[in-house]
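Undergrad: Produce the entire structure from the sequences given, and follow the hints as far as they go.
Residue numbers (our numbering), protein chains in the order written: chain A, 1 to 330; chain B, 331 to 440.
Please keep in mind that the hints were generated in silico from the structure rather than gathered at the bench.
Some hints here could point you the wrong way.
[Claimed, not checked] DSSO-like cross-link-like pairs, simulated, lysine-lysine; straight-line CA separation at most 27 Å:
(1) LYS375(B) - LYS342(B)
(2) LYS355(B) - LYS249(A)
(3) LYS199(A) - LYS249(A)
(4) LYS420(B) - LYS242(A)
(5) LYS242(A) - LYS77(A)
(6) LYS242(A) - LYS342(B)
(7) LYS249(A) - LYS112(A)
(8) LYS249(A) - LYS356(B)
(9) LYS406(B) - LYS249(A)
(10) LYS406(B) - LYS211(A)
(11) LYS375(B) - LYS233(A)
(12) LYS207(A) - LYS375(B)
(13) LYS210(A) - LYS406(B)
(14) LYS249(A) - LYS342(B)
(15) LYS437(B) - LYS236(A)
(16) LYS211(A) - LYS375(B)
(17) LYS236(A) - LYS355(B)
(18) LYS406(B) - LYS207(A)
(19) LYS211(A) - LYS242(A)
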Amino acid sequence: MDDTRSDIGAQGASNPFDASLLGSRLFPLMSSGVTVLQVNMGRLCNQSCRHCHVEAGPGRVEVMGRVTLEACVNILKERRYPIVDITGGAPEMNPNYRWFVQECLRLGCHVKTRTNLTILLEEGYKDLPAFFAGSRVEVIASLPYYLPDETDRQRGEGVFEASIEALKILNSFGYGVEGGLALNLVFNPCGAFLPPSQKSITEDFRKELKKRYGISFTGLFTITNMPIGRFLKFLKDSGNLKRYMERLKSSYNPVAASNVMCRQTLSVGWDGSLFDCDFNQMLGLRCDHGAPDHIEDFKGAELEARRIVTGLHCYGCTAGAGSSCTGAVA
Amino acid sequence: METYYNPEDLSKFSSISEGAPELWKKFSEWYGAVFAEGALTEREKSLIALAVAHAVQCPYCIDAYTQACFEKGSNKEQMTEAVHVASAIKGGAALIHGVQMRNAAEKIGM
Ligand code: SF4
Ligand code: SF4
Numbered sequence: 001m002d003d004t005r006s007d008i009g010a011q012g013a014s015n016p017f018d019a020s021l022l023g024s025r026l027f028p029l030m031s032s033g034v035t036v037l038q039v040n041m042g043r044l045c046n047q048s049c050r051h052c053h054v055e056a057g058p059g060r061v062e063v064m065g066r067v068t069l070e071a072c073v074n075i076l077k078e079r080r081y082p083i084v085d086i087t088g089g090a091p092e093m094n095p096n097y098r099w100f101v102q103e104c105l106r107l108g109c110h111v112k113t114r115t116n117l118t119i120l121l122e123e124g125y126k127d128l129p130a131f132f133a134g135s136r137v138e139v140i141a142s143l144p145y146y147l148p149d150e151t152d153r154q155r156g157e158g159v160f161e162a163s164i165e166a167l168k169i170l171n172s173f174g175y176g177v178e179g180g181l182a183l184n185l186v187f188n189p190c191g192a193f194l195p196p197s198q199k200s201i202t203e204d205f206r207k208e209l210k211k212r213y214g215i216s217f218t219g220l221f222t223i224t225n226m227p228i229g230r231f232l233k234f235l236k237d238s239g240n241l242k243r244y245m246e247r248l249k250s251s252y253n254p255v256a257a258s259n260v261m262c263r264q265t266l267s268v269g270w271d272g273s274l275f276d277c278d279f280n281q282m283l284g285l286r287c288d289h290g291a292p293d294h295i296e297d298f299k300g301a302e303l304e305a306r307r308i309v310t311g312l313h314c315y316g317c318t319a320g321a322g323s324s325c326t327g328a329v330a
Numbered sequence: 331m332e333t334y335y336n337p338e339d340l341s342k343f344s345s346i347s348e349g350a351p352e353l354w355k356k357f358s359e360w361y362g363a364v365f366a367e368g369a370l371t372e373r374e375k376s377l378i379a380l381a382v383a384h385a386v387q388c389p390y391c392i393d394a395y396t397q398a399c400f401e402k403g404s405n406k407e408q409m410t411e412a413v414h415v416a417s418a419i420k421g422g423a424a425l426i427h428g429v430q431m432r433n434a435a436e437k438i439g440m
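TA: Structure, rendered in structure tokens:
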């Protein structure tokens, strides 16, 4: 993992991403003010997907505690950030998950909760679709493809079938149906290549999921696989790393660069550390350049005008139509 | 092992411009325009390119258009069918020449 940090997260003068930013007059990359507080509730997950940048799984013990969650609530109270994006791991496995969602809603935040879908079928979590619908949160669900093979190869045997079942349940609770609650799907490529155009793949998903399973959804986000965590290992093991990095780099799009999500996001790690995004979080690159890097030292004004910590991996956000936690950005 | 085909060479394609830069410029512009969205989508054009790459058996093009097809949103099932289309035309084209063989045989036979 350490060599991962040094080659992919490479920063400073040797970081070609900064040179690309310079060429598009975006250097140094600055926050444009925080509108999204992204809370990573921990690395515990019921799945162990091959592309996971978090390297999450059932054996992980890093789970955000109540004190840190309370600190997040206090930040939301103080700074009035309009959106809370809850992620993990499987965030639902955090024992304080439901409490935290309700606290955010009480403060009037728009809550986006990311789910791997299969967790919704497990004992102890089957009430979640009703909980989601009752709280009217936006659900963002991972479904890399509308065919079983591609999905299972990436996310594990049987994941596709369970995901389809969970999507049907969400539809039955009014998610993703016309005039209903927001159910957005997340597509990511099943291999070392860039995602297709968000518009065209959304049309495919809409047609195929309806035809094959009677499932509907609100929208679909295409997300580029980041050269971090398990996906980086796959790139290395399969001899694809060099070519993939060249692909990302040669597809640098200045429009996507000006819209990278870190400019509006502040990301909190399970132990209260602060990051520019979930990817920097997994690389251990905390907020820097003079901005506080832990929730205990939170200073809103400083963080909202901070300089972003960038590295080679950032090319994953700026390739082609760009990529963010809410899909393409250009 | 030395081979005539080296995967690294794919990224050196533009070095061919050195002998004839004007011709390369014209080729690049035309190539780019051919693959842009038109009456056919970019996805359809990539699938045609993949099929033709198999018909002409160009390893560079197979490599490049396998990736391009994925990036335009095609899946392996669709790409395999495209290769079958190319193969069927190649096979059919060989086979229909059997008629010529039969004609020739007819002519020289007793
Ligand atoms: S990608 Fe999501 S579902 Fe898969 S292991 Fe990682 S956190 Fe869990
Ligand atoms: S990985 Fe993307 S979101 Fe994170 S700091 Fe780099 S550009 Fe920003």
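Undergrad: All hints, please: hold or fail.
TA: Quick rundown of the hints versus the structure:
no.	hint	in the structure
1	LYS375(B) - LYS342(B)	holds, 23 Å
2	LYS355(B) - LYS249(A)	holds, 23 Å
3	LYS199(A) - LYS249(A)	holds, 23 Å
4	LYS420(B) - LYS242(A)	violated, 35 Å
5	LYS242(A) - LYS77(A)	violated, 45 Å
6	LYS242(A) - LYS342(B)	holds, 15 Å
7	LYS249(A) - LYS112(A)	violated, 30 Å
8	LYS249(A) - LYS356(B)	holds, 25 Å
9	LYS406(B) - LYS249(A)	holds, 26 Å
10	LYS406(B) - LYS211(A)	holds, 20 Å
11	LYS375(B) - LYS233(A)	violated, 33 Å
12	LYS207(A) - LYS375(B)	holds, 21 Å
13	LYS210(A) - LYS406(B)	holds, 21 Å
14	LYS249(A) - LYS342(B)	holds, 16 Å
15	LYS437(B) - LYS236(A)	violated, 62 Å
16	LYS211(A) - LYS375(B)	holds, 25 Å
17	LYS236(A) - LYS355(B)	violated, 35 Å
18	LYS406(B) - LYS207(A)	holds, 18 Å
19	LYS211(A) - LYS242(A)	violated, 39 Å
Of the numbered hints stated above, those contradicted by the structure are hints 4, 5, 7, 11, 15, 17 and 19, listed in ascending order.
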